[in-house]
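From first to last, the protein sequence lines are chains P and U. Under our numbering, the first residue of the first sequence carries the number 1, and numbering increases by one thereafter. Under our numbering, the first residue of the second sequence carries the number 1, and numbering increases by one thereafter.
No wet-lab data here; the hints were simulated from the structure. Mixed in with the good hints, there may be bad ones.
Stated by the list, open to error - Pair by pair, the computed Cβ-Cβ distance ranges are:
#: 1; chain 1: U; residue 1: ASP112; chain 2: P; residue 2: SER198; range: 42 to 48 Å
#: 2; chain 1: P; residue 1: ARG247; chain 2: U; residue 2: SER163; range: 29 to 35 Å
#: 3; chain 1: P; residue 1: ARG247; chain 2: U; residue 2: ASN244; range: 16 to 22 Å
Please read these numbers as outputs of a predicted model, since none were measured by experiment. All C-beta atoms, glycine included, are put in the ideal place defined by N, C-alpha and C.
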Amino acid sequence: MHIVVPIKLVPDLAEELEVDASGTALDTEWLRYRTNEFDDHALEEALQLREVSGGTVTAIALDAEEADKSLYTAAAKGADRLIKITGAGEKPSSHATARAFADAIAGLDADLVLTGVQAVDDRDGQNAVLIGRYMDIPHVSVVTGVSIQGDTALVHKEYAGGAMGEFEVTLPAVLGIQAARETPRYAPVGKVRRAMRSATIEELASSGTAEAGSSVTRMFRPEKGQGAKMLTGSADAIADQLITIMRDNGVNL
Amino acid sequence: MSADVFIVTEHLGGSLDDVTFELLGKGRDLATSTGGQLVAVLMGSGAEGLAAELGAADRVLYVDHPALADFNPATHGAALAAVVGERSPQIVLVGNTSMGMDLAAALSVDADLPLIAYATGVEHGADGLTVTSQLYAGKMHVESRPTGGRCIISVMAGSFDGSAGRGGGSPEVESYAAPASIESSRVRFVRLMEPEAGDVDITQSDILVSIGRGIQSEDNIPMAQELADALGGAVSASRPIIDNKWLPKTRQVGKSGVKVKPRLYLALGISGAPEHWEGMKDSQLIIAVNTDPNAPIFDFAHYGVTEDIFEVMPALTARVT
Ligand SMILES: Cc1cc2nc3c(=O)[nH]c(=O)nc-3n(C[C@H](O)[C@H](O)[C@H](O)COP(=O)(O)OP(=O)(O)OC[C@H]3O[C@@H](n4cnc5c(N)ncnc54)[C@H](O)[C@@H]3O)c2cc1C
Ligand SMILES: Nc1ncnc2c1ncn2[C@@H]1O[C@H](COP(=O)(O)O)[C@@H](O)[C@H]1O
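All chains should be modelled from the sequences, with the hints used to inform the complete structure.
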C-alpha cells in the first residue's frame, strides 16, 4: 500500500492579513506560511492506515516558502518519503496546483492519495477533487473515515446534520479528508530537527500546467460596518453589560 | 454556448436541500440578465416527483438511472458532465456543500470550464459576471471574473434568499439519458448512515453557550458547562471540539453539524469560519468573545468582546448564580 499525501502551504491566519498595493492579493511581506490544517488530518489518517495495512507514506509538496519545513515535519511524524515539486510557479491557482500534483503522483504508483478537504486559499476549487479528475481516478470528498479492504477503500463521507454516506471505492483513488480518526499528532521541534538531518527531500520537476480561468479584480476585508458593537472594560464591567444586553433582548435569565 | 443558467439540485432522503432554493432564486435573477432560461438539473432514480418543487425554474432536466438513486461522486459527476457538456450553459450554480464539493471541481475539469468557489455574491451585468468569494476562513473577500463568458460557481449555503426560489409555475420536465459509463462506476454507494440521537438536542435550546478551539483543553469544558447551567442553556461547539472528541457530534453547530436559531448564541473562542457561520447566522442575539480583534465572528455577531474567555466565563457565571 503506497499512500501519497499532497500538502499545501497556506497563510497562517493567526497573523494579520493585509491587501497589497495591487488591491487584488495578500501582502506577502509579513505573511507566515503553514501546512493546511486539513492536510495534517490527511497525513494522520495515512499514518493510521499504514499501521493497520502496512506500506509506505509519501508526503509531497510544491516548492514554496516553508515547504521544506512542512515536509520535514511530516517525516518527524512518520512519513517514509518526501518529495518537493519544483517549477510550478509562484502562487499557483488551485487548478495549477492540482495539475502539478496529479502529474507528479502519476509516476509514483500510488494506491491511495489523501489530501485535505479544502484549504483557506482555494478560490478555484479543491485539491482532492481536481487531482482525481486530472488523474482520472475516483474521488470522494469530505471524508471522515477510511478503511482498506483489498483493492477497495470503504469510505465515510459526511453530509449536514451528522448524516454520512458510505461508499466502496476502487483503488487507486483520491480522498479529501475532513477529519482523521485521531487528532493529528504533534511533532516536537527536536524531532523535526532530527528529521532535517536524517531525511532527504527528493525533487521532481513540474510538467503540465492548468489555468484557473478567472482572475481576481479586488480583494478586501469584509466590511466591519454592520459588524458587532464592541464592548470594553474589565471582565466584570463587561459581564455586567452583557447581562443587561441579554435581558434587553428578551433572554430569560 | 447558450445563455442558460443551470442550477444543480441537491436532495437527500427524498427531500430537496435548502441550498437548491437559494440557487433557484439567484439563478432567476441571473437568467433574466443573460436572457437565457433557468434550468434545474435533477439527478436521481424515481425522483421526478421532486420536479414539482422546482417551479422557479423554466425547465427541469431530469436524469434518471438506478446508479443515481443515492448521491455518488462518480455517477453524479459523470451524468452532470454529460448534461453540461452537451447543453453548454453560460453559468452553472452548485452549492458549496458536501455533495457540491465533489461535483463542482470535477465538472470544471470534465467540461473544461472555470470554477469560482466559496461564492457569497454573484452579479451579472453588461460587462459580464462578477463573483464575490469568501476566502481565508472568512477573513478576506475577493471579487473574481471568469476569463471567458462561461463559469461554474459554487455557492456558500445561506448566501441567498431561499424564498425567492420557492413556488412558481410548473416547469417543463425533460428527461435526459444518463451516460452508459455510470453503470460500471469505480465508486459504489453502500448505505446512508443517520446520526445517532440520544444526547441533548441543541436545536431546542433557547440559550447556547458555544465553545471553539479557544477553550484549549477538554479540562476547561466544565467551566462552559457551569455557565450554560447558570444561564439555563446548553453547551454547543465548533467542529474542532467534536473532532477532538471533547463533545459528542450532536453538539456541533455548522455546515456538517446542525443549524441552530437560539434566542442567545454566546460564541466563546470561535473564529467564525464560513462553515460555522452557516449553522448559527440566524440566531437572534449573537455575542462573541474572542481575543483576536480581526476574527470574522465580529463581522456578524451583534456584540463583541476582545477579552480572554477564561476571564469572561466566570464573571458571567457569578452574575447569574
Ligand atoms: C466541509 C467542511 C465542513 C465543516 N463543517 C463545520 C461545522 O459544521 N462546524 C464548524 O464549526 N466548523 C466546520 N468546519 C471547520 C471550519 O472550517 C473551521 O475550521 C472551524 O469552524 C474553526 O473552529 P474554531 O473557530 O473553534 O477554531 P479556530 O478557527 O482555531 O478559532 C479559535 C478562536 O479562538 C480564539 N481564542 C483563542 N484563545 C482564546 C481565549 N483564551 N479567549 C478568547 N478567544 C480565544 C482565537 O482568536 C480564534 O479566533 C468545516 C470545514 C469543512 C471543510
Ligand atoms: N466527475 C466525474 N467523476 C468520475 N468519473 C467521471 C466524472 N466525469 C466523467 N467521468 C467519467 O465517467 C466514466 C466512469 O467513471 P468511473 O465511475 O470513475 O469509473 C469514466 O470515463 C470517467 O472518466
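Checked against the structure, which of the hints given earlier come out wrong? 3
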